[in-house]
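Chemist: Listed below, chain by chain, are the residues.
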Amino acid sequence: MSALRFRFQWRYLLLLPLLFMTVFYLVPMYVMLVTGFKAFDEVSLKTMWALPRGIAFDNYIEAYQKLAPSLWNSINMVVPAAILSSFLGSINGFVLARWKFRGADIIFPLILFGMFIPYQSILIPLVEFMRRINMYGGLPGLVLAHVIYGIPITTLTFRNYYATVPKEIIEAARIDGADLIKTYLHILLPLSLPSFVVVLIWQFTSAWNDFLFAVVLTNPDSWPITVALNNMAGSQIIAWNVQMAGSLLAALPTLLVYFFLGRYFLRGLMAGALKG
Amino acid sequence: MLKFKNRDTLLSIALVTPSIVAVAIFIYGFIAWSVRVSLSQWKGLLPDYTWVGLKNYIELFRDARFQVDIRNTIIFTVVFVGGSLLLGLLMAILLDQNLPGETFFRNLFLFPMAISFIVTGVVWRWLMNPATGSRISGLNQLFDSLGLDFLINRWHTTPFWGIAAIALAAIWQMSGYTMAMYLGGLRSISDELREAARVDGASEWQIYQHIILPLLSPITLSAMIILGHISLKVFDLIVAIAGKQLPLDVPAIYMWQVTFDGYFFGKGAAISVLLLVVVSLLVIPYIRYNLKNEADV
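Protein chains in written order, with my numbering: chain A, 1 to 276; chain B, 277 to 573.
Think of the hints as simulated: they come from the structure by calculation, not from any bench. Heads up, some of the hints might be wrong.
Stated by the list, open to error - Dumping the calculated PhoX-like pairs for lysine-lysine here, alpha-carbon to alpha-carbon at most 25 angstroms:
id	chain 1	residue 1	chain 2	residue 2
1	B	Lys509	B	Lys520
2	B	Lys319	B	Lys509
3	B	Lys520	B	Lys319
4	A	Lys66	B	Lys520
5	B	Lys331	B	Lys509
6	A	Lys167	B	Lys509
What the hints assert, rightly or not - Just a few of them, taken from the derived set where beta-carbon distance is under 7 angstroms, the chain A residues facing chain B:
id	residue
7	Phe116
8	Asn209
9	Gly234
10	Gln243
Ideal placement from N, C-alpha and C gives every residue a C-beta, glycine not left out.
Work out the full structure, taking the sequences as your base and the hints as a guide.
Modeler: What follows is the structure, encoded as structure tokens:
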């Protein structure tokens with residue numbers, strides 16, 4: 001018998017529950033997609049589950065017209081937030097992993113704790129602070145919030161990574177006369193490119209998906225996509241099919257990142273559980 | 277040589293100082309500031325730090341709305357954490373059986389993690405449309421056409437248990453995460469261990485019961501803490517599915533409304549401090565445990 005022939009094994013029955021779960025995970029995606037591609041005249045809650053008769057872009061066009069400013073706000077906020085917090089995390093992680101100064105092991109858990117706090121507990125002071133420094137309402141304030149409250153997770157990810165770099169490499173560099181900055185720029189920074197990808201993706205995703213900071217720190221002009229979409233969903237005027245199309249537009253950037261760079265995304269996820 | 281080393285130490289301190297100062301101010305300073313606000317009578321647009329002691333806290337515990345919040349948080353946490361753990365463990369065990377399509381399933385179960393609670397909420401809001409009769413739609417309509425009428429329900433508009441429907445959407449979003457954690461744990465259990473048990477005559481079921489599940493318990497604990505603290509903070513998912521309705525109220529929504537719609541900053545701060553205390557009770561032992569383990573390795 002050919003080894004390539006498919007041979008039924010009883011354990012393949014275990015695929016059934018997995019296929020059932022597949023349906024569970026795909027149902028919301030299915031509704032989002034089919035509704036988005038229906039023409040206006042065939043949209044009805046009654047035929048929610050039916051496939052579209054053809055491919056129409058009415059819903060996407062209308063959703064985009066309504067959400068375009070906030071999509072751009074999100075992009076303009078997320079890119080600097082992700083880049084700045086990655087560099088900050090890299091520098092902190094480097095110092096905390098390598099050069100143990102007195103008190104480092106007290107400071108580290110204190111930084112970590114910041115990763116888990118409910119942000120409600122800093123929200124009132126944060127809003128007051130942003131008002132006083134005149135950064136309330138706009139995107140720079142939101143970027144600042146994401147960078148600062150991103151310090152714990154970015155520091156942690158980089159510290160765990162730098163702790164795995166063999167001491168010998170750094171020793172060798174120092175013997176060759178490299179100081180702290182040179183060791184960082186010429187040795188650790190190039191080595192940590194994968195960690196940069198992990199942290200950039202992580203910060204990109206969490207800032208893009210954030211709602212709490214955005215809803216309290218920005219005015220309607222600066223609303224990122226999550227706040228605008230939620231506002232759209234709460235309005236009676238905008239039809240549900242446009243909301244579905246808008247949801248897909250709001251999810252698309254992070255979904256694309258997940259599809260193309262899923263491996264790195266998963267590593268960030270695990271770092272969030274302190275598992276390095 | 278010594279001078280050179282000192283310069284590096286100074287530089288190290290200079291490099292991390294901005295971040296440490298930022299964390300000190302924006303996390304610990306702000307927490308202290310919130311605590312101070314929670315002990316004040318500040319109500320209105322202008323700050324008012326007149327000391328009222330624990331008045332805001334005492335009033336909260338007498339407040340009927342806060343009782344609803346506590347009840348909803350408990351139901352949500354039990355359903356969400358329990359459901360995610362069970363589903364995650366089941367999927368991880370299935371994916372660990374060397375079945376065809378493993379990578380596909382794994383990636384599929386994890387993709388909801390990449391999208392926001394707001395998007396999830398908006399989509400589930402329409403799936404969980406509670407209308408019945410001629411206006412039936414969403415999942416209820418699907419159940420109806422599949423002959424699964426007994427599954428038709430009022431979702432988040434069900435009295436008392438409505439919050440459990442929100443937890444279902446949260447399970448959809450987060451169970452892939454527990455699956456990934458458990459799968460990582462299963463992969464780290466050596467095949468020799470299972471082989472040895474088989475040689476000793478243990479059945480597959482006994483291997484899971486006596487060897488694998490006990491080895492996975494640290495992961496269960498981690499996942500419980502991670503998911504537990506997420507469920508205490510749940511906010512955007514509820515807002516996107518149901519808006520700000522009293523029957524689905526939780527502390528985070530109450531805090532938001534009382535502070536930013538009602539301008540009762542003293543009370544809002546008290547809610548946020550209580551949230552922080554409960555989250556800390558979960559998270560501080562967890563951080564200590566993790567750091568200690570790390571030091572032991």
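Chemist: Now look at each hint and say whether the structure bears it out.
Modeler: For each hint, the structure was consulted:
1. B/Lys509 x B/Lys520: holds (15 angstroms)
2. B/Lys319 x B/Lys509: It holds: about 24 angstroms lies between the C-alpha atoms, which stays within 25 angstroms.
3. B/Lys520 x B/Lys319: Distance of about 21 angstroms is within 25 angstroms: holds.
4. A/Lys66 x B/Lys520: holds (23 angstroms)
5. B/Lys331 x B/Lys509: Roughly 24 angstroms between the alpha carbons, so the hint for lysine 331 of chain B and lysine 509 of chain B holds.
6. A/Lys167 x B/Lys509: With a Cα-Cα distance of about 40 angstroms, the restraint between lysine 167 of chain A and lysine 509 of chain B is violated, given a limit of 25 angstroms.
7. Phe116: holds (4 angstroms)
8. Asn209: Holds: closest Cβ of chain B sits about 3 angstroms from asparagine 209 of chain A, inside 7 angstroms.
9. Gly234: holds (6 angstroms)
10. Gln243: At about 6 angstroms, which falls below the 7 angstroms cut-off, the nearest Cβ of chain B leaves the hint on glutamine 243 of chain A intact, so it holds.
Hint compliance for this structure: hint 6 alone is broken.
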